[in-house]
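Top line first, the protein sequences correspond to chains A and B.
Mind the numbering: the first sequence is residues 2 to 255 in our numbering, read in order.
Mind the numbering: the second sequence is residues 2 to 255 in our numbering, read in order.
Be aware that a few hints might be false.
Treat identical chains as interchangeable: a pair holds within one or across any two.
Stated by the list, open to error - Listed next, the in silico EDC-like pairs over lysine to aspartate or glutamate satisfying Cα-Cα at most 20 Å (straight line):
#: 1; residue 1: 69; residue 2: 32
#: 2; residue 1: 71; residue 2: 226
#: 3; residue 1: 104; residue 2: 168
#: 4; residue 1: 241; residue 2: 81
#: 5; residue 1: 69; residue 2: 88
#: 6; residue 1: 104; residue 2: 47
#: 7; residue 1: 104; residue 2: 39
#: 8; residue 1: 241; residue 2: 129
#: 9; residue 1: 71; residue 2: 39
#: 10; residue 1: 197; residue 2: 215
#: 11; residue 1: 223; residue 2: 245
#: 12; residue 1: 223; residue 2: 88
Rather than coming from a laboratory, the hints here were simulated on the basis of the structure.
Number of protein chains: 2
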Amino acid sequence: MAEPDSNDNPQSSAQVARAVARLILTGVWREGTTLPREIELASRFDVSRASIREALSLLKAKGLIASKQKAGTHVRARFDWNMLDEELLNWTLSALPTQEFAKQIMEVRRIVEPEACAICAVRGTDEDFARIERAYRGMDAAGMDRVAYAEPDLQFHRGILIATGNDFLIAFGATVAAALRMSFNLSTTNPGAPRKSLPYHRAVLDEIWARNPDGARQAMHKLMDLTEQNIVSALSRQKKRDTEDESARGRRAR
Amino acid sequence: MAEPDSNDNPQSSAQVARAVARLILTGVWREGTTLPREIELASRFDVSRASIREALSLLKAKGLIASKQKAGTHVRARFDWNMLDEELLNWTLSALPTQEFAKQIMEVRRIVEPEACAICAVRGTDEDFARIERAYRGMDAAGMDRVAYAEPDLQFHRGILIATGNDFLIAFGATVAAALRMSFNLSTTNPGAPRKSLPYHRAVLDEIWARNPDGARQAMHKLMDLTEQNIVSALSRQKKRDTEDESARGRRAR
DNA sequence: GGAGAAGATATGTCTGACATAATAATTCTT
DNA sequence: AAGAATTATTATGTCAGACATATCTTCTCC
């Protein structure tokens with residue numbers, strides 16, 4: 002979970018990277034667009050060309066852009082973007098936390114996590130299970146405290162992925178982290194919602210301890226159902242609130 | 002598929018990035034290791050500090066390393082590595098193409114692709130299907146030509162992922178690409194093997210056209226079975242050959 | 001012995017310059 | 001006049017050296 006997604010990174014190249022990423026993610030600079038020259042970017046963001054280059058190199062690594070000498074730097078096609086990268090996910094999350102995004106992220110979680118859970122039940126070591134158990138205890142101990150609940154929640158899901166011993170499933174933890182952060186941000190409107198998932202986590206854990214892959218898969222599936230439901234309803238609540246604010250502002254403007 | 006993984010990137014910073022990544026991936030610089038100072042790296046790789054910084058910033062973006070002022074740059078924990086990144090996958094592939102890696106990559110493909118295929122059958126547009134059909138025709142036209150077969154093969158699988166309209170599943174295409182490249186590299190010992198998958202692809206495509214999610218899932222599952230079988234047997238053949246070379250070299254040394 | 005101050009050091013940033021490669025413009029040839 | 005070859009242009013790639021900043025270490029003082 003690291004830190005809340007505020008601008009807590011003092012490094013200026015990182016800030017530039019984030020700003021440019023935002024421009025791309027929100028579609029201001031569309032796919033195929035050639036972006037301004039490095040010198041222009043430098044003067045626009047009021048940093049040196051070196052910092053710009055460092056920022057761009059970050060975005061290059063994430064597949065957002067590509068550059069060729071003389072030709073310039075352009076925004077790559079959408080499906081070259083490395084959307085499973087944690088930073089990129091967080092940027093997307095804070096740039097456009099839409100219902101569409103929530104649906105997509107829950108769709109993959111539904112595909113991956115139940116299977117990972119089944120594998121975990123078969124292949125995980127007792128040590129792995131103990132780590133997941135500790136995470137569960139942390140969630141339980143957090144009570145109604147949303148903030149304290151978030152970290153062990155992530156550790157729970159991550160623990161299952163780690164127990165599979167599959168590097169690709171482990172890397173999927175970044176996506177899970179983004180999803181959980183999204184739920185966390187949304188849970189302000191309904192602080193009790195996360196806590197409701199506790200017994201579902203317990204059920205998953207019991208099936209794992211029993212080394213029952215089918216049960217584990219099913220239990221995780223139910224947890225996914227609940228999570229998706231929470232996110233969708235929170236998003237529609239938020240959307241409703243936003244449109245109310247919008248109309249209020251509209252009235253005031255008249 | 003882009004290009005074969007030879008050293009075709011003239012950019013020196015990219016070369017350094019690759020070299021350092023290799024050192025990390027092969028475990029020469031383990032997790033937690035603090036790597037040499039930027040100046041030392043610069044003199045070791047015989048490039049300027051700026052290029053070193055650019056290389057490191059690439060690796061930072063992929064989660065391999067992290068730096069703090071004064072403290073230095075260190076190798077991050079393995080599960081922070083963004084293993085689903087295409088470049089990182091290719092580096093891993095050329096650094097240590099082990100049986101373990103093959104197993105892992107096929108395990109995720111098995112989890113993701115059949116489900117993606119089912120979603121594709123439901124949600125894909127006729128236009129999406131036509132693109133997949135074109136890819137299939139390309140595979141068919143390639144005949145026994147391994148090289149010509151590879152590209153449309155990737156397009157086939159990628160087309161299914163794209164048709165889901167889910168950005169996360171689309172991003173999974175990088176992993177599929179790495180897997181296919183691995184099969185391609187291995188198919189030298191059995192050039193006919195890829196061609197055998199053609200009817201299985203046809204079966205998948207038919208189920209998709211019929212908009213039959215369950216059938217599509219099952220057909221893709223069978224294709225995954227075949228692919229895994231091919232890879233595993235090719236790897237064991239290669240391993241056998243390697244050990245034979247090894248012992249031959251041993252005899253010669255005596 | 002512990003708290004605070006001073007120094008050392010590795011990363012972060014800046015400046016300005018030149019190298020390189022791809023494009024655009026120009027010249028030369030047929 | 002059309003096309004091929006050559007030159008000019010230009011944006012990224014690389015280099016060098018300097019200073020800023022943050023953090024770890026060491027030293028000093030109470």
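Taking the hints in turn, this is what the structure says about them:
1. 69 to 32: Within one copy, since 16 Å is at most 20 Å while 34 Å is not.
2. 71 to 226: For residue 71 and residue 226, the Cα distance exceeds 20 Å both inside one copy (51 Å) and across copies (47 Å).
3. 104 to 168: between (25 Å within a copy, 11 Å between copies)
4. 241 to 81: neither (34 Å within a copy, 37 Å between copies)
5. 69 to 88: between (25 Å within a copy, 18 Å between copies)
6. 104 to 47: neither (38 Å within a copy, 49 Å between copies)
7. 104 to 39: Answer is neither; intra-copy 37 Å and inter-copy 43 Å both fail.
8. 241 to 129: Cα proximity of residue 241 and residue 129: none, with 42 Å in one copy and 34 Å across.
9. 71 to 39: within (11 Å within a copy, 28 Å between copies)
10. 197 to 215: neither (23 Å within a copy, 33 Å between copies)
11. 223 to 245: neither (33 Å within a copy, 51 Å between copies)
12. 223 to 88: neither (28 Å within a copy, 35 Å between copies)
Consistency note: the structure conflicts with the earlier hints numbered 2, 4, 6, 7, 8, 10, 11, 12.
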